[in-house]
Every structure is written in C-alpha cells, then in structure tokens.
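First to last, the protein sequences are chains A and B. Converting from the first sequence to our numbering requires adding 57 to each position, the first position being numbered 1. Converting from the second sequence to our numbering requires adding 16 to each position, the first position being numbered 1.
Listed below are several chain A residues computed to face chain B (Cβ distance under 7 Å; list not exhaustive): (1) D101; (2) H127; (3) Q128; (4) Y130; (5) V191; (6) A260; (7) G261; (8) Q327; (9) R467; (10) S498.
Calculated directly from the structure, the hints in this document are not laboratory data. Yeah, the Cβ is synthetic: ideal placement off N, Cα and C, and Gly gets one too.
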Amino acid sequence: MVKIQDLKKISDYEWEIPKAFREDMRVPVRIFATRRLLDQVVNDNSLEQAVNSATLPGLVGYVMVMPDMHQGYGFPIGGVAATRYPEGVVSPGAVGFDINCGVRLLASSIEREAAEPYLDRLATMIDAYCPSGVGKAGTVPLKETELEEVCREGARWALKRGFASEMDVRRTEEGGRLAGADPAKVSQRAMSRGKPQLGTLGAGNHFIEIDMVEQIFDADAAGAMGLREGCLVVQIHCGSRGFGHQVCTDYVKSFQTAVHKYGIKLPDRQLVCAPMDSPEGKDYLAAMRAAANYAFANRQVLAHHVRRAFEEVLAGQLDSFHLHQVYDIAHNMAKVEEHVIDGEKMKVCVHRKGATRAFGPGSPDLPKEYKHIGQPVLVPGSMGTASWVLVGTETSMSHSFGSSCHGAGRMMSRSQAKREVRGEALREELEKGGVHVRAGSMAGLAEEAPSAYKDVDAVVEAVSGAEIARKVARLVPVAVVKG
Amino acid sequence: MSGFEELDHTADWALRVWAHDLEGLFIQAAAGMFALMGVRPGEPLSGSRQIEADGPDDESLLVDFLAELLLVNEAEQLALAPTAVSLRPGRVSAVCTVAPVLEQEKEIKAVTYHGLEVLQRDGNFETVIVFDV
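Based on the provided sequences and hints, a complete structural model is requested.
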C-alpha cells in the first residue's frame with residue numbers, strides 16, 4: 058500500500074512516487090493533485106495500481122495520474138502512460154473496455170431563461186430519440202459491410218450518411234477517424250454486438266446533459282468556441298458500447314498467452330500487453346482503432362438526435378434552436394503521438410484511461426479556429442453538479458504528454474452509494490434544484506449520486522494550478538438524461 | 017457452504033464467491049453476476065443451453081465463462097443459471113437453465129482479471145471477481 062509519506066512533493070499540485078519505491082518499477086509515477094485530493098484517494102488502490110502500471114515494458118518519462126484518479130481494474134482511472142514506439146508495449150487493459158469512451162460538447166445561443174418553459178419537454182424528447190439503459194436497440198441498425206465502413210471511417214461515415222456537418226467532424230479529436238483501423242482484426246462476436254447498438258447511450262455513468270454556461274473565465278477562448286454566458290450547451294458522454302467491450306475482452310484474453318511468448322512479467326493480469334511491433338500488438342491496435350471509430354460515429358449519431366429534439370421542441374418558439382459542435386474528445390484511448398521527452402523528440406504510444414488529450418496552442422492536430430487557444434478539454438462533473446470547459450497548454454505538452462483530467466472522479470463505492478442514497482429521493486432533490494431528470498433505473502441513478510464523486514471544482518483547481526489546463530467556462534446542469 | 021457477496025469497490029463491482037468445489041464456484045459466480053445486474057427472470061423456458069469456454073488456467077476459464085454468459089444475456093435478453101458444470105484442462109462446459117429477462121437494472125461491460133486468483137483453503141474454493149460497469 059502506498060502511503061502519503063512515500064510521496065515526494067514536487068509542488069503544491071504535483072507529487073512523485075520514485076522509481077526506487079518498488080524494484081519492478083521502470084519509471085517513477087507523477088501525480089497531479091492537491092494534498093486534499095490525495096488524502097481522498099490514499100485509501101483506495103489507485104496509487105498501488107499506478108505503481109503496477111509503471112512496470113510495463115518500454116515506458117518513457119513517468120506514469121502520470123490526474124487529480125480525478127480513482128481505483129480501476131489494473132490501470133488506475135486518471136492514468137496516462139507512454140511507451141516508446143514501436144518496440145514498447147500496448148496494453149488493452151490500460152485503455153479499458155469502453156474504448157474511446159468520451160465527451161462531446163454542443164453549444165447554442167439559446168438563453169436559458171427563454172428556454173425554461175421548454176426544458177422538460179426537451180429532456181423528454183432527447184430521452185425518446187436517444188435509446189438508453191440496458192438492452193435497448195439503436196436507431197441505425199447496420200449491415201456487416203456498413204459496420205466495416207463505420208470501423209474504418211468513424212464520424213466521416215456519419216457525415217456521408219447525413220448525421221454530421223463538416224464542422225462537427227473537424228472539431229472532433231483526430232477528425233473523428235483514427236487511421237489504421239482494420240475491421241478484419243475484430244472478432245465476429247464484436248461485430249454482432251456492434252450492428253444493433255449504434256446510436257445508443259448505454260447505462261452506467263453515461264448521460265446526455267443540457268447545461269447553462271454559468272461563467273466565462275477566458276473570453277477569447279470562449280469566443281472561439283462559441284460559448285456564451287447564460288446560454289444552453291449539451292454534453293454527450295458515452296463510448297463504443299458492446300462493440301468496444303468485446304474487442305477489449307477478446308484481446309485481454311489472447312494477450313494472456315502473448316505475455317508468456319514475449320517473456321513479460323506483470324503484477325496484475327489485467328495489465329497484459331504485447332510489443333506494438335509484434336503481430337499481437339499490431340492486431341490489437343487495428344481493432345482498437347476500429348472500436349474508437351465506432352465510438353466517434355456513435356456520439357455523432359446521438360448528437361444528430363439531440364439536434365432533432367431541439368428542432369422539434371424549439372422551432373417556431375424561439376429565435377434559434379441550432380446546436381454547433383464545440384469539440385469531441387476521447388478519454389479511453391491509446392494513440393501514437395510525438396512528444397519531447399528528456400529533450401528528445403520521439404514517437405510514443407500514449408495510453409489515456411480516464412484522462413483526456415489536452416494539446417496546447419499551435420498543435421498541428423487542432424482545427425485552425427482553435428490553433429491559437431489550444432485544444433478544448435471537456436470535464437463533465439457528477440450528475441447535478443458543475444462541469445468545466447478547459448484548454449490544453451504549453452505545460453501540458455511538456456509535462457503530461459499533452460493530457461489532463463476527464464471528470465470529477467468517484468470516491469465512494471457503488472454499493473455504499475446505493476446504501477446511502479435512494480434514487481427516488483435523489484431525483485426529487487435534483488428536480489427541486491431545477492434540474493429535469495430522465496433516468497431508466499433508480500438504482501443506477503443512486504449509484505451516480507453527486508456525493509459519490511469528488512468535487513469537480515477542486516479537480517479543475519488542481520489541473521489549472523499545475524498549469525496542464527486553463528479554465529475557459531463553468532457549466533451548470535438544467536436537464537439530465539441517463540440509462 | 018457456497019455463496020456470493022458484493023464487496024466495496026470505488027468505481028466498479030467486486031464480487032466475493034465461495035463454494036466447496038471448483039464447479040460450484042462457477043455456478044455461484046454466475047448467480048452473483050446476474051444478481052449484481054439486477055436481473056429479474058421470468059418463468060424458465062423449456063430445454064437448456066450449453067455454454068462452453070476455454071482458457072489456460074482456472075482464472076481464465078472463469079473469466080471466459082462469465083463473459084460467455086454476458087454475451088448471451090445481451091444478445092438474447094436471457095437470464096442463465098448453470099446447473100451442472102464440467103471442467104477439464106483448458107475447457108469448461110456448463111448446462112444452464114434459461115429464462116427471459118423481465119427486468120434488468122444494470123449492465124456489466126466486462127469481466128476483468130484484476131487481482132483474480134482462485135484460492136483453495138481447507139477444501140473450499142474462493143475468489144474475488146471485479147466487473148467493469
């Protein structure tokens with residue numbers, strides 16, 4: 058068990074577990090957090106899991122952990138690890154089962170006050186158009202060949218089908234399409250699960266939320282993104298559904314034998330990995346990219362349905378019902394990127410699990426309208442609390458492989474949340490606070506209670522204190538739709 | 017003595033399972049997993065379903081077996097309850113009763129290997145399985 062006294066303080070916002078902490082560590086662990094946030098996680102296993110992750114072959118720099126960290130299954134949530142390309146490893150467990158789980162933000166010039174009489178009906182229509190919960194079929198059933206195209210083209214498939222605009226695609230991480238995806242490396246089982254599920258939200262912590270821009274901290278960046286104080290925005294949080302879960306399940310299984318083949322010893326079997334230049338590593342990367350593209354297409358289809366709901370409810374009632382895309386980012390992904398490490402520019406595979414990319418200003422990967430401000434970083438808070446829009450910085454590029462936090466981060470177990478919170482009571486409380494709620498399961502609602510999460514404002518203070526992201530706007534919820 | 021109980025885990029679900037033999041451990045793990053998902057089964061359907069899984073050791077067999085059950089649950093909206101489990105090196109097969117799902121509160125994304133170890137103590141088998149939800 059890692060204790061506070063094992064950590065070396067680098068600054069008020071940065072801590073280190075030195076490589077000497079455990080014999081099998083290949084690199085140190087760097088934690089971005091305040092002392093108060095650290096105290097909240099020291100009793101779960103997240104720091105232990107970060108130490109375990111620091112044993113992966115081919116790591117460079119540090120294993121990093123973001124302030125919204127909490128224990129996961131193998132790799133900690135909030136973890137970032139980079140391995141040297143191509144001989145370093147790729148680990149499916151360090152990406153997670155929900156490949157390219159991520160967040161999309163749509164913005165509007167609809168003032169909350171003017172929209173107030175329509176919010177309840179908006180929540181109802183979004184709930185009707187975007188299937189959520191367990192076992193719900195999607196709105197765009199796919200044939201095998203079309204699913205293969207989704208795997209290869211991601212959000213670009215949606216553009217061709219009329220579910221997206223050019224601007225949507227441009228304002229999506231990687232242009233909504235990871236190159237090098239190969240559906241032939243995806244099992245038949247994953248294909249079968251993927252066909253009926255496109256355009257579904259799923260259950261668990263996934264949601265669609267209408268928020269209001271409460272406060273703007275950086276007028277220039279907010280202006281570039283089209284964020285206006287007092288106006289409505291929409292967040293969509295979901296991933297690659299059963300398709301991605303099956304891809305990860307298949308490769309974690311096959312890598313159980315691959316690690317023996319390559320003589321890799323690990324402290325946790327969920328961390329299994331294979332060199333990127335091995336046949337196993339190449340196959341996983343090609344399948345993972347297919348699942349990532351599926352997720353980009355999925356969030357795009359959901360965005361299309363949200364826009365339909367806005368049009369249906371608000372057209373003819375208000376001046377505008379238009380929603381434009383601010384950005385779409387992944388928070389479970391492995392990507393080959395170029396970074397400067399110890400003064401040397403090198404290609405690395407950055408694993409981000411419960412952490413987002415946060416590229417700074419000038420990055421060639423950003424759309425031209427965001428080049429001067431940096432990449433938008435979307436940080437949804439827990440249900441009923443605030444969310445944040447940030448941007449990546451020069452420091453994130455030099456300090457955290459261009460990465461930042463992804464949310465509030467859990468601190469209470471699901472079973473404890475269920476014991477302490479009743480779903481019905483929580484819904485009433487949210488509604489009293491002016492948040493319209495549509496939830497498929499009251500038990501599921503209780504598990505996602507705000508009291509089960511850390512304070513998102515404290516998480517954002519930590520990344521902004523460490524300068525790996527900068528504040529742009531704070532959002533507050535007005536309607537939540539979840540499975 | 018056999019059974020299962022939910023343990024506290026910050027983000028996911030952890031299930032402790034115990035039984036007097038390895039076959040019983042598989043049966044309890046399946047029952048625990050469907051209980052965690054809040055599955056309410058209807059009247060059992062006639063006939064049974066054979067579930068097969070493979071893996072190099074007990075832990076891999078258990079993960080693969082539960083993953084197979086999840087797959088059938090999602091694809092066919094069925095609740096499965098293994099009644100007879102047969103184990104041989106590298107393979108498990110189970111006969112399951114099946115029933116339509118009347119209600120299901122939550123979904124499990126996957127079965128993980130995290131910290132998974134099938135332990136044998138005083139002639140009893142025990143393990144803790146972490147599920148991604």
